[in-house]
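Please take these sequences and the hints and turn them into a complete structure.
Protein chains: 2
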Amino acid sequence: MTRIDFQTEPSRYRHWRLTFDGPVATLIMDVDPDAGLFEGCELKLNSYDLGVDIELADAVQRLRFEHPEVRCVVLRSGKENVFCAGANIRMLAKASHGHKVNFCKFTNETRLAIEDASANSGQPWIAAVSGSAAGGGYELAMAAEHIMLIDDRRSGVALPELPLLAVLPATGGLTRLTDKRMVRRDRADVFCSTEEGVRGRRAVEWRLVDEVVPPSTWEAKLHDRAWAFAAQSDRPADAKGIALTPLQREFSDGGVTYPHVRVSFDRVARRADVMLLGPTGTLPGDVAGVHAEGAAFWPLALARELDDTLLHLRLNEPTLGQIVLRSEGDAAAVLRVDELLDAHKDDWLVREIRLYQKRVFKRVDMTSRSVIALVEPGSCFAGTLAELLFAADRSVMFAGTRSGDNRGPACVQLSVLNFGAYPMGNGLTRIATRFLGEADSFARARERVGEPLDADAADALGLVTAAFDETDWDDEVRVMLEERASFSPDALTAMEANLRFAGPETMETRIFGRLTAWQNWVFQRPNAVGEQGSLKLYGSGLRPNFDTERV
Amino acid sequence: MTRIDFQTEPSRYRHWRLTFDGPVATLIMDVDPDAGLFEGCELKLNSYDLGVDIELADAVQRLRFEHPEVRCVVLRSGKENVFCAGANIRMLAKASHGHKVNFCKFTNETRLAIEDASANSGQPWIAAVSGSAAGGGYELAMAAEHIMLIDDRRSGVALPELPLLAVLPATGGLTRLTDKRMVRRDRADVFCSTEEGVRGRRAVEWRLVDEVVPPSTWEAKLHDRAWAFAAQSDRPADAKGIALTPLQREFSDGGVTYPHVRVSFDRVARRADVMLLGPTGTLPGDVAGVHAEGAAFWPLALARELDDTLLHLRLNEPTLGQIVLRSEGDAAAVLRVDELLDAHKDDWLVREIRLYQKRVFKRVDMTSRSVIALVEPGSCFAGTLAELLFAADRSVMFAGTRSGDNRGPACVQLSVLNFGAYPMGNGLTRIATRFLGEADSFARARERVGEPLDADAADALGLVTAAFDETDWDDEVRVMLEERASFSPDALTAMEANLRFAGPETMETRIFGRLTAWQNWVFQRPNAVGEQGSLKLYGSGLRPNFDTERV
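Quick note, the sequences are listed as chains A and B, same order.
Using our numbering, read the first sequence as starting at 3 and increasing by one per residue.
Using our numbering, read the second sequence as starting at 3 and increasing by one per residue.
Don't read these hints as lab results, they were simulated from the structure.
All values reported here derive from a predicted model rather than from experimental measurement.
Ideal Cβ positions, reconstructed from N, Cα and C, are used throughout, including at glycine.
A couple of the hints might just be wrong.
[As the list claims (entries may be wrong)] In silico SDA-like cross-links for lysine to any residue, where the CA-CA straight-line distance does not exceed 20 angstroms:
| hint | chain 1 | residue 1 | chain 2 | residue 2 |
| --- | --- | --- | --- | --- |
| 1 | B | K360 | B | P281 |
| 2 | B | K182 | A | T508 |
| 3 | A | K182 | B | G505 |
| 4 | B | K96 | A | E551 |
[Claimed, not checked] Not the full set, but computed from the structure, chain A residues with beta-carbon under 10 angstroms of chain B:
| hint | residue |
| --- | --- |
| 5 | L167 |
| 6 | M184 |
| 7 | R186 |
| 8 | A499 |
Shown next as structure tokens:
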């Protein structure tokens, strides 16, 4: 299969159109049936595949960074009788288990990014449902802050996955029904087992949509709602957006190189070595400087490159089971960037950068590869970069210096951003999650913000998993990586999905924990994916032949 | 396969011994290798199968009901060098997917029952780990309130499932590490990927056990701890237990009959029809009367019979995908029982009955069959029995009377017990979970406690899913049941596991949600269960050949 690319831009969109009217942007879904990612999977009725969602994710991102003037986003369909028919079934039937799982993960992350925009960016989304919103189509609408449904006796919402396909509505569908829209569970049960879904007043009564609107007043009401939402936004009135310029990347057989991220693949060891480079050159001295740098501002550039790295590894390099993170650079410069990000957190662009970093770190949490951070002399795991030590499954630190290397001992440094800027999906910071059972350890770490902490100090504070000096380093690291590479990839995925999410669950973690885990199970069951299973037989006119045993 | 029976008693135990010393009971695990449930699966090293756990569950139950004088339970091993080696691997390798899943579910429920005894019955458990506690062995220890580990350079705790078997520690293991014992996630990662586990001081430092004790003071310290826990218990000093007399049951091809529960199977429709009979005869007038009736007291008898029904259906009747609940009897009598259970809730026996009912309702929540309640004329879904309407996936109510039936219209009645006595695993009552998004509905229902609510009233209050009168009843019910029977059993299981648990997650719900769902996925993956998978090759000396793709 050819490489799936996560970079795009509006001029290259095949499936979406963006229009702007003052503070209101309208994103029109108009999927080109012939521009699917997979040969032979025609994307009828606004059904989508990963390619469609990559464009959506790009639009969500650009609306935030390039359009500070946009204070409300209206999501609607460019087709006559359908809002969106959900994920393309032929694609699901053809795709490998791994592609299905990663497709769902990415679409889930995109919908959460929409909710993040509504909740934290002053850019609330309205779903204007005209025509049928079925399956993933209704799930997409549920990501919006407000759902309007036209009351034309045709349009409606449905989650027909169970009766039609014998799988779950797992792009957050079941969880948003119970946790976001708080639909009564027996009504949710009826709704999810009714192929034709629900229309009109009942859709409001059951809390499935927020309002139904007659066709005669539809456009006017939609305009009013959008402008009313826009009026409440805290985005600046006359700011200028920054351009998310194309990433500079070079792919080769052996890796990917970006300006601030260098990825090299060890295919025998099944490992991706990721080197993160700290800021160089003169840093902006104030918020105007940050705006002037735009997409070149180091934390934003790094976040975009790391994000692209993670997505590339997920979809295009499934056999690289380990991601080893290293860093190189000037820790003091990283901390100066954190100071800027902290001092100007109310600036709309700085806010966007912080929110994007938060989402990239969450993408690390959700990446089903073992993540190991190595803190070595010359590294710059400070502040925002140190966050990766707490996102990693293990972080190992070099104690003392290396012979022949005149750089000083490795240090870790915390900044205030580690204590609030980057909450995990569970709502807690990574440090708070790490120290759930150790309030003292949390307080001790908090007190050391800004101090360079060498291996002994970091280990004593519980900030790293272990520390080794030069005598043991090479062997310890080699054995750790080799041993982990010998384990079952599936068991590691499942273990990491449990250990990474200690503590409270939220709608977001429940989507990936409970819902996705069950869907992945269903995606392995013969009743769905077997030769006689529902996905294989979909559209053939034949009825699937179910094994009737309950497990 | 022969029927798996969940009823047993101490005189028939093959694997456990109970001894008593004043307020302290000691439960000794001494598994008979030759008494396994499966032919050819020798239960070496205190490894267990479902048969072993059925005896454990029985012991937990009898300690609570038959031994009010027991104020602390010590769990230890009868073997020389091993505490418990966990679930028997050959059994896991041989068992069907359905058996594996239901085995894990039951063992999880038993461990939660141990925690319920510690938290709510004044009967805290101590795990006295001498020898190796590995995998399910350590998971069993983690169910105790307090874990003591002997410091003899041999004994230790381990979760070697991932390195050794390529599956998860899924009898709550991963979740209790992070949520109960709050082990730091990177330490948990190291621990779970280290076959040999952790011993001595490090086990305390990593919060894996509560204390290590040298062999010289082991017995004395254990005695002191047990008596210290006992001293804090609120169980009565000189009460007399009640005997959990053998259930009266009659199994036939067509069903099971108990005194208060009649189960009939419709194998063509793949349905179990369960009729619950209300109390008859004279009810006890006071708490002394409750004690005098003992196991014959209606709510306790019904709970035991319903519990046995659920377990029988789960393990022995996997193709019966629907459980249809009906009731028959005097609703006023049910409410009088609720009044007794409410007025005397501080009595130790009444407390045990209420806690047991709570656990049985949770067993309904966790049963992977569609549960449909039908409220018909002559039924007695009142108070405690009405709780089943909120545990069901759907509850449908008959409006008005039936021609030729001189009984009055069906009514539902709430009691105070619906508002606190039976929390779900998520910590909320079923009514609160039902009305998460409708605070008004919750308050309205609360106001109607004690009132007979006919179909219109119950429907308007949101207490049932739908109501139909005689014209539509037969057709509506038939179509609903037939339609559901046509759906994929797997998709139903996964959907129900999502919709039943709206709202907050707790350690308990996370065990069944996140952890179990992932384990069920792993249990479907070729890397674990394929011909070259880890479970199949275990003990063969061959290394499993893993598919190296991460999904």
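Taking the hints in turn, this is what the structure says about them:
no.	hint	verdict
1	K360(B) <-> P281(B)	19 angstroms, holds
2	K182(B) <-> T508(A)	18 angstroms, holds
3	K182(A) <-> G505(B)	9 angstroms, holds
4	K96(B) <-> E551(A)	18 angstroms, holds
5	L167	8 angstroms, holds
6	M184	2 angstroms, holds
7	R186	6 angstroms, holds
8	A499	6 angstroms, holds
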